[in-house]
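Student: Could you slot chain B onto chain G? The hints should help.
What follows is each chain in one-letter form.
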Amino acid sequence: MSETASRLRGKDLLGIADLDVSEINLILDTAEAMKEVASRPIKKVPTLRGKTVINLFFEPSTRTRTSFEIAEKRLSADTLNIAIAMSSVVKGETLIDTALNLEAIAPAIMVVRHASSGACHLLARTCRAGIVNAGDGTHEHPTQGLLDAFTIRERKGRIAGLKIAIVGDLLHSRVFRSNILLLTKLGADIWACGPPTLMPPGLDRLGVHATTRVDEAVDGADAIMMLRIQLERMQGGFFPSLREYFTVFGMTPERVRLAKPDAIIMHPGPMNRGVEIASEVADGPASVILDQVTNGVAVRMAVLYLLAGGGENEVAA
Amino acid sequence: MPIVMDADRVSRSLTRIAHEIVEHNLGVDHVALVGVRTRGVPIARRLASLLLTITGREVPGGALDITLYRDDLMKHAVGPQPIVRRTEIPFSLDDRHIVLVDDVLFTGRTIRAALDALIDFGRPRTIQLVVLVDRGHRELPIKADYVGKNLPTSLAETVRVRLAETDGIDEVSIERAEGDQA
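Chains as they are written, first to last, in our numbering: chain G, 1 to 317; chain B, 1 to 182.
These are computed hints drawn from the structure, not numbers from a lab.
Treat the hints with care, as some may be off.
[To be verified] Under the rule of at most 30 Å between Cα atoms (straight-line distance), these lysine-lysine pairs were calculated in the DSSO-like manner:
(1) Lys44/G to Lys143/B
(2) Lys44/G to Lys156/G
(3) Lys143/B to Lys43/G
(4) Lys11/G to Lys73/G
Given the structure is predicted, the values throughout are model-derived calculations rather than measurements.
Next up, chain G with everything else stripped away, as it sits in the complex:
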């Protein structure tokens, strides 16, 4: 159960689906060592000196991009942020051309976010640089899944055997997808909950309990993970109103009381207060939402370190 790989097999991190348990353990263990760097007076190590990392964001992001950028800077990489408005990009050829042009600058790694599921896979096949998926469409957001697992492990000492409730917009959430893949691999018992209109089919095949009753999902849980209602991805009425959503699915102090007394409350951010989560819960003592942000930097440092080595992804220039 607790075996640890000595390396990641691929040059890229495209999704949790490609990782086995020993690789996940390697990333989480490395992140523990990386977290210590943030407690030093000089929060920087020379590890990736002389390496270039390009953050290529085809979708707006503040939190994830900032987190990657800090991780890169703490490892002494040279970073370049490129934000490309969706409207200016025609999918397919242009995406590849953009990446090939950037690759001519000889980056070691490109961190890519794109609105289309699978965009990172396409780039990974084309580019010699390592590709890190920072969120592709509704597909995966592997570093978010890893930082969530890191936070649970840090607080609970383990992941296997824990009951974890995930509540919210399951249909549009790449965070949800990465999390269920990761947490079930590590042996957690996942209870997914949301309105039927936001529930993807086939959850039982992934080993996930699906329910539309929040109380059932939260009952006796060790961790409660709230997902954001992604209004920008919704075309059509998935539920009558935000107020009704909060009444039926919002995480209130009363609902939290159904979970274990030491249960932790998580949210990948940005939060819609009063929609999926009550402010008393978000700011309460059980909340680890800000720890997730801190841990995100350590996990991303670990991923960059593990992918930048080996030299296979070095572009000879």
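Tutor: Below, chain B without anything else, positioned relative to chain G:
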């Protein structure tokens, strides 16, 4: 596989070094021990307990992982990245005499990395170096202040340090590097 230090020899060397540390620093005020992972850490712990016996004073201790400071990290054409382990230095380095502890001094590159790492934690008054074995072949201008044993070796040989805490036995031996250590 000649054994060059047995448990007795290791123990006597560390006792002597502990006395030298006290003598050199005129006591252990402001002295702290930092072991380089992996085997520098148990050696530093033993020195701390010896210093406690000699002076009656607790000397703070820490563990340093130098992986992120290595100069050969990105040099390997293939092969895994070295595993990064936790650095734990639960005290301020500022104005202290830091005694850095490692098992073998060879090229000096590990110590170079350790010095860079330490400087990122603060500004020590001095940094002094303890090694159990100095085997020569330096590639950098680095020298130990306290040496358990000077051990002339050839580059074809490997010095193997085993400690009770990590390997079940205290022993230093020389082995041929070319794989025929039967």
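Student: Hint by hint, note whether the structure agrees.
Tutor: Here's how the hints hold up against the structure:
About 27 Å separates the Cα atoms of Lys44/G and Lys143/B, which keeps this hinted pair within 30 Å; it holds. For the hint linking Lys44/G to Lys156/G, the alpha-carbon distance of about 28 Å falls within 30 Å, and the restraint holds. For the hint linking Lys143/B to Lys43/G, the alpha-carbon distance of about 28 Å falls within 30 Å, and the restraint holds. Under the criterion of a C-alpha separation no larger than 30 Å, the hint pairing Lys11/G with Lys73/G is consistent with the structure, at around 21 Å.
In this structure, every one of the numbered hints holds.
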